[in-house]
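Novice: Could you build all of it, start to finish, from the sequences and the hints given here?
All letters in the sequence shown, in the order written, are residues 1 to 379 by the working numbering.
Since the hints were derived computationally from the structure, they do not count as laboratory data.
Watch out, some of these pointers could steer you wrong.
Below 30 Å or equal to it, Euclidean Cα-Cα: the simulated BS3-like pairs (lysine-lysine) are [unchecked claim]: (1) Lys184 / Lys172; (2) Lys219 / Lys184; (3) Lys52 / Lys77; (4) Lys184 / Lys222; (5) Lys172 / Lys222; (6) Lys172 / Lys311.
Here are the computed distance ranges between Cβ atoms for each label pair [what the hints assert, rightly or not]: (7) Ile185 / Asn207: 40 to 46 Å; (8) Asn240 / Thr76: 31 to 37 Å; (9) Glu368 / Lys77: 52 to 58 Å; (10) Asn264 / Pro348: 17 to 23 Å; (11) Ala60 / Gly360: 56 to 62 Å; (12) Ala53 / Met340: 46 to 52 Å; (13) Cys346 / Asp90: 36 to 42 Å; (14) Lys219 / Leu73: 39 to 45 Å; (15) Asn207 / Phe308: 38 to 44 Å; (16) Asn240 / Val18: 28 to 34 Å; (17) Asn207 / Pro348: 42 to 48 Å; (18) Arg41 / Thr364: 52 to 58 Å; (19) Glu192 / Lys222: 29 to 35 Å; (20) Glu192 / Asp90: 14 to 20 Å.
The beta-carbon is built from N, C-alpha and C at its ideal position, and this holds for glycine as well.
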Amino acid sequence: DRIPLPVPLREALVRWYVGEGSYHDEQAGVTLVQNARIGQRWIACDCLGHDKAPPILTPAYLSEAETYYLRRLTSTKRPEHRAECPFFRDQATNRITKVRSHNTPTDPPSGFFEVLRPAPEKLSQRPEDDSLDDRTRNASTPRLARLLWRLLDNAGCNRIAPLSLGYEWSIKEEFAALGRAAGKIEIAPGVELARAFWTHARPLESNAVYGTLRALAAKWPKAHAPQGFVALYAQAVRGNEIHVPNGDPVRIATRVQSPSIRGNHISGPYIVLVVAGEYPEARGYAPLRAYAQPIHNGRLFVPVESDFERKTLNAILAGQRALDAQGVDLAIGKPLFDTMTSQGPCRPDFILEARSRVTGEMKTLVVEAMGFDSADYEA
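Specialist: In structure tokens, the structure reads:
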């Protein structure tokens with residue numbers, strides 16, 4: 001059965017396809033294509049009229065830019081679009097985000113802690129507001145990734161205190177820190193992240209996540225899509241599966257995104273942020289997307305960008321123990337977002353702050369792990 005697209009959504013889809021759309025046109029188009037991909041549907045064009053077989057557009061995923069687009073199905077057996085049809089040519093890609101490089105500036109995500117948008121027909125009618133249009137500043141870094149980094153940063157997981165303070169290193173404490181941070185962040189106006197945030201897979205398996213979202217949906221702000229987040233500790237991710245300890249794999253509607261999948265294999269473990277929301281065509285709620293961030297280990301959720309960077313952090317931790325024995329406190333920081341300097345944005349791999357407990361003397365050291373052998377990274 002065919003589902004006709006509302007006229008405003010059709011118009012937004014065309015503007016986005018030909019590269020002349022606004023930010024909200026793009027959001028509407030990408031959401032429509034993603035929903036079609038999840039729902040295993042194609043998009044039929046009516047340029048030949050209703051009495052002929054329609055040309056077909058299929059939803060596709062552009063891994064290099066981590067976004068969705070429409071691909072024309074062309075063959076001698078398939079009808080072709082009319083020459084004047086906007087879908088006669090391949091989709092314009094000038095609006096698709098450029099691929100991120102290792103020295104691309106990274107800023108915290110703006111707006112609320114949300115990934116999913118309202119239904120595409122609503123997006124296409126929203127007033128112009130480019131406050132969330134961060135494609136240029138953050139290249140192809142998925143928003144879900146930057147939301148996870150924001151949560152880790154707010155929780156302090158990217159900072160390791162001196163050993164003399166006696167802080168506990170444990171998976172329990174790391175998840176507790178994430179939970180405390182979630183109480184200070186909003187998903188939507190008046191909706192705390194903590195109200196729809198979980199730190200293990202059982203609520204997904206028992207459908208508690210979806211029950212909570214259904215209960216919250218009635219009072220959810222209309223301009224925002226109901227959604228919840230689950231943070232999982234994972235030993236591995238494969239395709240759309242998240243492999244958690246002592247449990248069945250958690251399956252996501254789409255491929256799990258991770259820096260380890262983009263030509264730079266990074267072994268686990270990972271902290272994975274899953275967003276759950278409403279499936280297309282009112283098929284209920286489900287885990288729709290996920291981002292897997294490699295971390296140091298299960299006791300320290302410090303993000304790492306390569307296996308070599310994990311080894312570097314191991315060496316730094318060994319140095320922390322040695323300095324502590326000599327009366328020197330060493331605080332370790334892993335910046336997740338850029339700091340502006342007189343030379344431009346800067347995000348070193350690690351910042352170390354040493355302080356003598358005897359003399360009070362302090363020193364700061366910046367460490368670059370150089371985990372990538374490329375001119376782009378060295379720049």
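Novice: A separate judgement is required for each hint: does it hold in the structure or not?
Specialist: Against the structure, the hints come out as follows:
no.	hint	verdict
1	Lys184 / Lys172	holds (19 Å)
2	Lys219 / Lys184	holds (20 Å)
3	Lys52 / Lys77	holds (14 Å)
4	Lys184 / Lys222	holds (22 Å)
5	Lys172 / Lys222	violated (36 Å)
6	Lys172 / Lys311	holds (23 Å)
7	Ile185 / Asn207: 40 to 46 Å	violated (25 Å)
8	Asn240 / Thr76: 31 to 37 Å	holds (34 Å)
9	Glu368 / Lys77: 52 to 58 Å	holds (55 Å)
10	Asn264 / Pro348: 17 to 23 Å	holds (19 Å)
11	Ala60 / Gly360: 56 to 62 Å	holds (60 Å)
12	Ala53 / Met340: 46 to 52 Å	violated (57 Å)
13	Cys346 / Asp90: 36 to 42 Å	holds (39 Å)
14	Lys219 / Leu73: 39 to 45 Å	holds (43 Å)
15	Asn207 / Phe308: 38 to 44 Å	holds (41 Å)
16	Asn240 / Val18: 28 to 34 Å	holds (31 Å)
17	Asn207 / Pro348: 42 to 48 Å	holds (44 Å)
18	Arg41 / Thr364: 52 to 58 Å	holds (55 Å)
19	Glu192 / Lys222: 29 to 35 Å	violated (18 Å)
20	Glu192 / Asp90: 14 to 20 Å	violated (44 Å)
Of the numbered hints given earlier, the model fails hints 5, 7, 12, 19 and 20; all others are met.
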